[in-house]
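All chains should be built: construct the whole structure from the sequences, respecting the hints.
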Amino acid sequence: MKHSLAKLYAAELDGIDARLIEVETDVQGGLHSFTIVGLADKALSESKERINAALKNSGFKPPNQENRKIIVNLAPADVKKAGSQYDLSIALGYLSASGQMKQFAGEKYIFLGELALDGALRSVSGVMNTARLAAERGIPYLVVPTTNAVEAAMINGVTVLPVATLTQIIAHLEGRKKISSQPQTVPTRRIKTGPSILDIKGQEHAKRALLIAAAGGHNLLMVGPPGTGKTMLAQAALSLLPDPDISEIVEITQIYSAAGLLGEEPYIAHRPFRTPHQTSSPVSIIGGGQHPRPGEISLAHRGVLFLDELPEFRRDLLEALRQPLESGHSVVTRVQGTVRFPARFMLIAAMNPCPCGYYGDDERNCKCGQYEVERYQKKVSGPLLDRIDLQISVPRVAIADLRAKTQTDNGELDALREKVSLARSRQQQRFKSQHVRLNSEMSSKEVDEHINLDARAEQFMRGIATKQLLSPRGVYRVLKTAQTIADLDNRDSVTQNDLAEAFAYRLREQQ
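Count along the sequence shown from 1, then add 261; that gives the number in my numbering.
In short, the hints are calculated from the structure, not lab data.
There may be inaccurate statements among the hints.
20 Å max Cα-Cα, derived EDC-like pairs, lysine to aspartate or glutamate [unchecked claim]:
hint : residue 1 : residue 2
1    : Lys693    : Asp709
2    : Lys369    : Glu283
3    : Lys628    : Glu573
4    : Lys309    : Glu285
5    : Lys693    : Glu512
6    : Lys330    : Asp275
7    : Lys341    : Asp275
8    : Lys680    : Glu587
9    : Lys462    : Asp675
10   : Lys309    : Glu375
The structure displayed is predicted, hence computed values, not measured ones.
Here you go:
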């Protein structure tokens, strides 16, 4: 047999970014062997059996029925390859190199898809990420399983070809029956479910703090006895947040696609709300693993990460949150290299004031000693608390207020959401930057550049700094919160009252 070589393209995920992989298939005469080289994992090594069955059941001669030496090289060879998305490119490369199908312009396509034994294509992860790669590299066509097509078509600049079976894509590549491209996907936003802020009775101070946190993307800590509504307040945060825009939907969907968590949904058109359990490992929260995957903080990107019973989480896990809270991304370092995952989330945490939960409660006596109270509260370190802008007490609600009949006014909720949305719009117009969207994301340099204090506010801020009530980081975080309060009132300049309210939310640090 004449020696033949074919080269096609597939993709590998590096964090949430896709990396172009060349799939080179060499077929020559000799004793039968089928070898895949290029740091392939177990799932990829097993693709030989899927490809053999899929080709046979699609009417072609599979590799295991011919005396041919087949070598598949996945380049670059020093990058680990994982997953089943290479099945389609390897099968087409073999058919092309063995002369069982016409030659085609392989450099114009990226192929993704797992083969079933009957030749059908099954969905794979990271399709939107690969579509973005194709658009950036100028590769015109992306071939994906039909179930992944809607997801991939959210990216402009690439033509997505939805494929159901191996024979269908072969007929297209040989020019016998063209496949219609997937229309551009316009995401429809999903209606929010769960409690709204209007469902919460009493707790006006907490609801005000929640409004400020939603408007500026600030972190919030709620401390109070069991059953006072801390969890419900956290869930109600979603009712205040505006719907994500197209760029945010793409960001969120890329993360969930890379993690293989899209399920039946082609995209994520709502802000995520993640509630990991206290027994979660650092890797599950921060991200990582043998093949690094996004953790909970990345899955909460552009949404809310709620940590209930904060002191019950592992100390090393809580300390690992410090860097992502500052930078907006998590960094996973391995011997093979470093992977960055986006993690721009709003942290809402809740905790009891002591182990029994009733320290400082007016209704029930605390059973804990002073040492136990201090030891419990110190499980949350000062450096972590310093990164939480709003720290409030959530006291018990009076029974009379709890049983009072209230009527939910959707117009009032819409007004609150509009207020948050307008405050966020003011911030985006102020920064005019892709890396900074909200006040909470500002660096100290950007705080100095964008936040204007009137004379009385400047004097008030100097007084706080002189008494050393806050760390330098705390001072800047108070300024960010004060700017959000001004934005909610549709004002450019920060007043003394804005600063006083923002500073009041930090007083728990001093207790």
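I'd like to know which numbered hints this structure contradicts. Please list them from smallest to largest.
6 and 8
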